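Protein chains in written order, with my numbering: chain A, 1 to 289; chain B, 1 to 289; chain C, 1 to 289; chain D, 1 to 289.
Check each hint, because a few of them may be wrong.
[What the hints assert, rightly or not] Negatives, chain D to chain B, calculated, CB over 12 Å:
hint, residue
1, G24
2, Y25
3, D82
4, P102
5, G158
6, D244
7, L261
8, P267
[Claimed, not checked] In silico DSSO-like pairs for lysine-lysine, Cα to Cα no more than 30 Å straight-line:
hint, chain 1, residue 1, chain 2, residue 2
9, B, K124, C, K110
10, A, K104, A, K48
11, B, K254, B, K124
12, D, K254, D, K229
13, D, K254, A, K124
14, B, K104, B, K124
The set of hints was computed from the structure by calculation and includes no laboratory data. In this text, all values refer to a predicted model and were calculated from it rather than measured experimentally. All C-beta atoms, glycine included, are put in the ideal place defined by N, C-alpha and C.
Number of protein chains: 4
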Amino acid sequence: MDTFAVLGGDLRSTYLSGLLAEDGYRVIAAGFDNADLPGCVTGCTDPKHATVPADCVILPLPVTVDGVSLNAPFSRHTVPLDDILRSLRPDQFVVGGQLSAPLKAKFAEKGITVRDYFDREELKIQNAVPTAEGAIQLAMEELPVTLDGCECLVTGYGRISRVLTARLIALGAHVTVAARRCQSLAWAGVAGCTAIPLERLHDAGDFDVIFNTVPALLFDERYLAAMPKRTLLIDLASRPGGVDFAAAAAHGVKTIWALSLPGRVAPKTAGGILKNAILNLWREREEGT
Amino acid sequence: MDTFAVLGGDLRSTYLSGLLAEDGYRVIAAGFDNADLPGCVTGCTDPKHATVPADCVILPLPVTVDGVSLNAPFSRHTVPLDDILRSLRPDQFVVGGQLSAPLKAKFAEKGITVRDYFDREELKIQNAVPTAEGAIQLAMEELPVTLDGCECLVTGYGRISRVLTARLIALGAHVTVAARRCQSLAWAGVAGCTAIPLERLHDAGDFDVIFNTVPALLFDERYLAAMPKRTLLIDLASRPGGVDFAAAAAHGVKTIWALSLPGRVAPKTAGGILKNAILNLWREREEGT
Amino acid sequence: MDTFAVLGGDLRSTYLSGLLAEDGYRVIAAGFDNADLPGCVTGCTDPKHATVPADCVILPLPVTVDGVSLNAPFSRHTVPLDDILRSLRPDQFVVGGQLSAPLKAKFAEKGITVRDYFDREELKIQNAVPTAEGAIQLAMEELPVTLDGCECLVTGYGRISRVLTARLIALGAHVTVAARRCQSLAWAGVAGCTAIPLERLHDAGDFDVIFNTVPALLFDERYLAAMPKRTLLIDLASRPGGVDFAAAAAHGVKTIWALSLPGRVAPKTAGGILKNAILNLWREREEGT
Amino acid sequence: MDTFAVLGGDLRSTYLSGLLAEDGYRVIAAGFDNADLPGCVTGCTDPKHATVPADCVILPLPVTVDGVSLNAPFSRHTVPLDDILRSLRPDQFVVGGQLSAPLKAKFAEKGITVRDYFDREELKIQNAVPTAEGAIQLAMEELPVTLDGCECLVTGYGRISRVLTARLIALGAHVTVAARRCQSLAWAGVAGCTAIPLERLHDAGDFDVIFNTVPALLFDERYLAAMPKRTLLIDLASRPGGVDFAAAAAHGVKTIWALSLPGRVAPKTAGGILKNAILNLWREREEGT
Chain A
1 MDTFAVLGGD LRSTYLSGLL AEDGYRVIAA GFDNADLPGC VTGCTDPKHA
51 TVPADCVILP LPVTVDGVSL NAPFSRHTVP LDDILRSLRP DQFVVGGQLS
101 APLKAKFAEK GITVRDYFDR EELKIQNAVP TAEGAIQLAM EELPVTLDGC
151 ECLVTGYGRI SRVLTARLIA LGAHVTVAAR RCQSLAWAGV AGCTAIPLER
201 LHDAGDFDVI FNTVPALLFD ERYLAAMPKR TLLIDLASRP GGVDFAAAAA
251 HGVKTIWALS LPGRVAPKTA GGILKNAILN LWREREEGT
Chain B
1 MDTFAVLGGD LRSTYLSGLL AEDGYRVIAA GFDNADLPGC VTGCTDPKHA
51 TVPADCVILP LPVTVDGVSL NAPFSRHTVP LDDILRSLRP DQFVVGGQLS
101 APLKAKFAEK GITVRDYFDR EELKIQNAVP TAEGAIQLAM EELPVTLDGC
151 ECLVTGYGRI SRVLTARLIA LGAHVTVAAR RCQSLAWAGV AGCTAIPLER
201 LHDAGDFDVI FNTVPALLFD ERYLAAMPKR TLLIDLASRP GGVDFAAAAA
251 HGVKTIWALS LPGRVAPKTA GGILKNAILN LWREREEGT
Chain C
1 MDTFAVLGGD LRSTYLSGLL AEDGYRVIAA GFDNADLPGC VTGCTDPKHA
51 TVPADCVILP LPVTVDGVSL NAPFSRHTVP LDDILRSLRP DQFVVGGQLS
101 APLKAKFAEK GITVRDYFDR EELKIQNAVP TAEGAIQLAM EELPVTLDGC
151 ECLVTGYGRI SRVLTARLIA LGAHVTVAAR RCQSLAWAGV AGCTAIPLER
201 LHDAGDFDVI FNTVPALLFD ERYLAAMPKR TLLIDLASRP GGVDFAAAAA
251 HGVKTIWALS LPGRVAPKTA GGILKNAILN LWREREEGT
Chain D
1 MDTFAVLGGD LRSTYLSGLL AEDGYRVIAA GFDNADLPGC VTGCTDPKHA
51 TVPADCVILP LPVTVDGVSL NAPFSRHTVP LDDILRSLRP DQFVVGGQLS
101 APLKAKFAEK GITVRDYFDR EELKIQNAVP TAEGAIQLAM EELPVTLDGC
151 ECLVTGYGRI SRVLTARLIA LGAHVTVAAR RCQSLAWAGV AGCTAIPLER
201 LHDAGDFDVI FNTVPALLFD ERYLAAMPKR TLLIDLASRP GGVDFAAAAA
251 HGVKTIWALS LPGRVAPKTA GGILKNAILN LWREREEGT
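Okay, chain A solo, but in the shape it has when bound:
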């Protein structure tokens, strides 16, 4: 029976530890002294007690916020990453989320390979579902109209946009997709959206809500000034986002920059998505042996 150590992290990690235990693995968790752990998970205060017996060590998402200590919001104690590093052995399988290059180098110095589960394509695809639901929840909360019959614009047609537009259409919204590539427009059209080239964004008409997924400044002063005031603008793009927020404020446009939705709106589902990516890494290691 394989043993997993879960070190730190937010509610997603708590759920992750429980879901691994439900799958029949032995799970030891550290960094959760302020949280309730699922019954079948062994909690311990000292991370070393978790890492030593572990076959696989799971670092959180992100591994660290300040660059030196473990990201452990549910712990009263600060755990230096160096302490954890010192407790690891080269024969162990170590995974973490959003690892910086310097951090990876630090692990490599000690002969330890860390894999980044946040780079896994299947995780990015599956995370599109809680992101889309979170975006829909925000729109439902803020709009005075139902999504049924609602005029929506979605910019970009990547993972999030595909999942989001399918759900918006299923809820009765009229969805326009603005995208750059010919084939993105073809896919959006096949999916039941009105598809327009991104360069025609400025004369695409009025919308009740706009969901931006493109990390480039599409919604600049000029666009925001011309927008009807009732339009809600939800920015789902990662940094730097796609909205000139200062100009939006100046023009009275209601904007929401919605980052990291999966962990916030559906931590249990997000924990399950982490589990799936980590187990895929784990199994591929075995195949690779």
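Assemble the complex: chain A is given as a structure, and chains B, C and D must be docked to it using the hints.
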């Protein structure tokens, strides 16, 4: 050009007045001194100034909360219903929402017929959409999982349930419907739900969320005691509701009694639904002449 | 273990007999000497050998075509209904499909009650699914365009229309529903259709395909003369149908009168629907005892 | 006003010529002496009369069947490709479908560039819709059950599979996708399918219908021998297909090799897809100038 007087009401009435004006009617509104009225609507302080020139007088939903004064949450003034009654003429067309029998009688004494738009079947059907979206929003806000992959139980298969289950399925949920009638079960099955007779509710398994639409005590002490604690129970049934709330609290079951969702989650859509029902009444009157 | 006798009928009855046997019942079938019966079903040539040991006797849908003999297209022999009647006992449970009043009277004379499974509401609802799929198949076969993006008109908004329009929309069609009642129009609108009053049918625009479900002459000479020649007209209404077929032929309008689709396009599903209705009758009898 | 010459081709080309004319282009067509051309299209017998005044010359899909003459099923005359080549000028824009390398070389020798619209990604995406509908039509025609409730297996998760599975699910089918890549499985799961790795195909259970989209021998003697006889196998993969058809026949497995569905089931839609790809090529040429 027909003239409509909109007297009192909440945000729905504000939107209603604007939507009527957009349709080309002359609209005079009273009872909104604390609210912004749409530009094309004439506001006045004294309800008499609104009713006298009106062909159709629209009373709010509900017409009154205390039985004696107009329901006008956006007004600093209390307007006695008797004052309004006195300003009406038998040749005017008067409509209101959720009229009690005594209130109707009072109008009848003065020779004035009031029609209740809240009795209209098309309004009840259309209101199922904002109700369903509101229920979905609540579930999204409270559940740690996405609706995608979520185990849902819906009791009853009337208007709200039909619209709600279709949307839940479209969002990727697994939906079980418990209903009494053979034909309700057939419809639920055709719609892609697992259909079970209501009497088998107790052994239907565990759910992430339960939506009750039956106004009868289905979720009694016995059911609540046996329920997993993670299950969220959203009661959409009108009074007396379907949940023993005291027992739910005692057993640590998270419950939400969600009443009057359309006006709360989508007042503009709800105002449009009122407009549609009122204009249907108005047109049928003309046909009846 | 209950014993069912299945007498005559088409492919649906063959499947019905097999599905009953799969459910654990003892099944004896007569009237299928030209068809392959499922392995677990006992076939016999003389209907008496089937009826005598039976707790429940299942007559086909329809019971008779000529009024005097059993409807048994898979048999080389003609079996007079009178012979079957003579072999039945009042303690047996007898069901049949589309029983005429004179036929029911004939059974009653002998003290035998026959229930008509074709009257069951759940059967009518479930039959809407194979009917809708059959209609979609016909449209796919005949139209030079995909249903995706196709302009469809559906008249009426009863069982078949509800199921059909939902599927057409899911396939990417644009669906207009023309119906008489205010609440039908509300339901059609909620379901994502453009809803128009039936009296405005004549100026509703052009369509690629029209599905009629109303058994009244909506598509008369005047309508057919004005219709574009490319429009396909599929009549799903039972007798007398909704189309002036002579006028359609004269004006070169392509029409299909599609009756009894469930048995033709999905006999196994249709057999399962019969089984469900018959078992509901059977169980209700027990409850009634 | 630009002039297009449409030379040869099947029903798709007929529709293509009409759709170009509807868009306001001048269209001259040759190679259709046995077909009815849309009213606004000028027909001519000698291809030279069509090519000489043309800005853009459209060769059919495929350009040739025998390698030497134009593919023109609606013409009684055989037109050698060399004759056409001789009538073209280097300043003309020439497009064709499924051009072989030798054919392209032949055009290049004369200084004429031919672009292949069949290589366009947007055409391949849009063609997935008529292909999916054609596959659904075949399944509806052949299966004794409705797609509602039907157990379906789809192998591969490329363009056709994505569009097909979405429609099958919308029609109420239960869909399993077998695919090789981790991310294909993630996408299939997000889309509501049961996703299994391709190597577990042999123990994936029984299905009513299998749609193969992988052009590799997945359905070999071993698989076919173990398959239930009721399962319908529809092969949508291009040559060499994915089925050992000889073994299928030997084991009594019903198979359909469904090639080139768009032109067969929806020639008008297919013509519109050609038009879209050709006009994209045409506009990009202008941008390139």
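Which hints from the list above does the structure break, by number from lowest to highest?
Of the numbered hints given earlier, those the structure breaks are 9 and 13, listed in rising order.
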